[in-house]
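Undergrad: Take a look at the letters that make up each chain.
There are 2 protein chains.
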Amino acid sequence: MRTIDEAALRTAVTAAHAVDTMRDAFRADGEGRAHVPAVINLEIPGARGEFHVKTAFIEGVPYVAVKIASGFYDNPSKGLPSGSGLMAVFDADTGMPAALLFDNGFLTDIRTGAAGAIAADVLAPPTIGVVGVLGSGLQARHQVQCLRVVRAFSRLVAWSPDEAHLRAYCDEMRQAGYDAAVAASPEAVCRATDVLITATPSRAPLVRAEWLRPGQHVTAVGSDSPGKQELAADCLDRADLVVVDRFAQCAAFGELRHALDAGLLTRHDVHAELGQILAGRKPGRTHADQITIADLTGVGFQDTAIASKALQLVVS
Amino acid sequence: MRTIDEAALRTAVTAAHAVDTMRDAFRADGEGRAHVPAVINLEIPGARGEFHVKTAFIEGVPYVAVKIASGFYDNPSKGLPSGSGLMAVFDADTGMPAALLFDNGFLTDIRTGAAGAIAADVLAPPTIGVVGVLGSGLQARHQVQCLRVVRAFSRLVAWSPDEAHLRAYCDEMRQAGYDAAVAASPEAVCRATDVLITATPSRAPLVRAEWLRPGQHVTAVGSDSPGKQELAADCLDRADLVVVDRFAQCAAFGELRHALDAGLLTRHDVHAELGQILAGRKPGRTHADQITIADLTGVGFQDTAIASKALQLVVS
Chain R
158 MRTIDEAALR TAVTAAHAVD TMRDAFRADG EGRAHVPAVI NLEIPGARGE
208 FHVKTAFIEG VPYVAVKIAS GFYDNPSKGL PSGSGLMAVF DADTGMPAAL
258 LFDNGFLTDI RTGAAGAIAA DVLAPPTIGV VGVLGSGLQA RHQVQCLRVV
308 RAFSRLVAWS PDEAHLRAYC DEMRQAGYDA AVAASPEAVC RATDVLITAT
358 PSRAPLVRAE WLRPGQHVTA VGSDSPGKQE LAADCLDRAD LVVVDRFAQC
408 AAFGELRHAL DAGLLTRHDV HAELGQILAG RKPGRTHADQ ITIADLTGVG
458 FQDTAIASKA LQLVVS
Chain Y
158 MRTIDEAALR TAVTAAHAVD TMRDAFRADG EGRAHVPAVI NLEIPGARGE
208 FHVKTAFIEG VPYVAVKIAS GFYDNPSKGL PSGSGLMAVF DADTGMPAAL
258 LFDNGFLTDI RTGAAGAIAA DVLAPPTIGV VGVLGSGLQA RHQVQCLRVV
308 RAFSRLVAWS PDEAHLRAYC DEMRQAGYDA AVAASPEAVC RATDVLITAT
358 PSRAPLVRAE WLRPGQHVTA VGSDSPGKQE LAADCLDRAD LVVVDRFAQC
408 AAFGELRHAL DAGLLTRHDV HAELGQILAG RKPGRTHADQ ITIADLTGVG
458 FQDTAIASKA LQLVVS
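Quick note, the sequences are listed as chains R and Y, same order.
Residue 158 is where the first sequence starts when you use our numbering, and the numbers rise one by one after that.
Residue 158 is where the second sequence starts when you use our numbering, and the numbers rise one by one after that.
Don't take every hint at face value.
Same chains, same names: a pair is fine if it fits in one copy or spans any two.
Unchecked claim - Keeping only pairs whose Cα atoms sit at most 25 Å apart, straight-line, the calculated SDA-like set for lysine to any residue is:
1) LYS385 / HIS209
2) LYS235 / ASP177
3) LYS235 / ARG395
4) LYS235 / GLY217
5) LYS235 / TRP368
6) LYS439 / GLU344
Don't read these hints as lab results, they were simulated from the structure.
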């Protein structure tokens, strides 16, 4: 069985590949061609660790990926990364093992960035000026790189709770050709930007509803477990269009959860799952002044789609 | 990451290892140390295929296995085996990948055989004469091999719906030193034996309650999905002790399901989960005349236990 390491995957899979792949994957989901069983979550209490296993089948995609990811929060004290795992890829016609992808999270990171770009493509205004980023980690990078595939822009404004990371991030973005400025606060970012990306592990809301501007699009990717929240619940109430990647997941642990819990929204107030827009079953943005929010938690079919694409790129 | 193939696993893991490992694993389960999340089942309808993913953590066992098994029922027409898969093994303290076991089902087969032996060890009479087998496949072999670890016997009587397979099986067992006889019917097997092993994929009951004899123990391993059944439902009603590997699984797709559906038993009539007996929380057989039935469907902690043991044996 073929084994593919992170370096080979980084060489083969570009942001443009990832965006094309996620566009097809979300369209497939919206057309009812993505089959996504419930995930496995296994806690290892004594070691402050956990395993998550996800898989999915997309009709028309030649491979099925099973992603096994671990998080062990005492690992850094042992000189090990807290996250680890692999993707096992199987032929969707025969079930035979095809490849093991030791991506160290790269494929998850880039497909998450690409999903944000796909959401912005159907929800953000056709022309954008300044892009704002809350966060200074991997998603602060991947979201911007992938967004650049679907929208032209050069101005970035960023804020992060970690000032050293924030400066390093803006330096890196300047070297990549962006006009990147450090902001003093989340409010300053929010008030200055046409597209706002929130990509922090925050457990308290960073963005207030009154800071949102008409025509603004927000992609929120930080909340991937029940304790996390980046947007105040009334942001979703103020938005004209709330779009989710998966209703059930966002209602359980996305930004949507907080708005539902607060009684500000019902499930009928969610405009669409992103796949429904890609499939043409629901519209994206229809007016220049609409405020739009995409609440993205990451769905198993994205892993099968990106792993299948990566394997095809590496073997071709 | 270390890759271990089937040949290396077959060399390293004996029936005696498997039986010891399952004894420890079921005891751990009975002591509440086995953590078993729900499995993933992914259907691939267009290809008559399916994937199953199981994992578990056992406190005190150094590795966690994630077993990915596929069944694609058109594969034989393509010259491929219908079943495939692998076990990915991770360090339970750090989550780091430790090994990939390409066992082609061997570890599942031997741990299933060993679970049957563990059940017989606590439920069958201390001294047995003739062992009966319904079936002539892999489990007809593994169950006998593993039972031999816990009970001395040399006489086998077997029946199988496939006469050619049955003769080949008895020939093989004779070469292995058993006095193995072909029986004309399931009834002939049942009436002649102290321990009865049912290991067929039957979808209609093969064993009638009136054929069971006082003091007899039955290990049923064939029913692993809702459509399968080897024992008439009233066999479980006639038995003095009904023991299951996992109540929820047996109630859903083991022999127990049919007895519950028929209203012959309630959950209170199930004597114990096997782990409870191994842990000393429930007794095994207490009288020479008891009829005992073990309904075994296979639980995820067995995979983690056997994979962990196999990896330790191969690297030692």
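Undergrad: Would you list, in rising numerical order, the hints stated earlier that this structure does not obey?
TA: 2, 3, 5, 6
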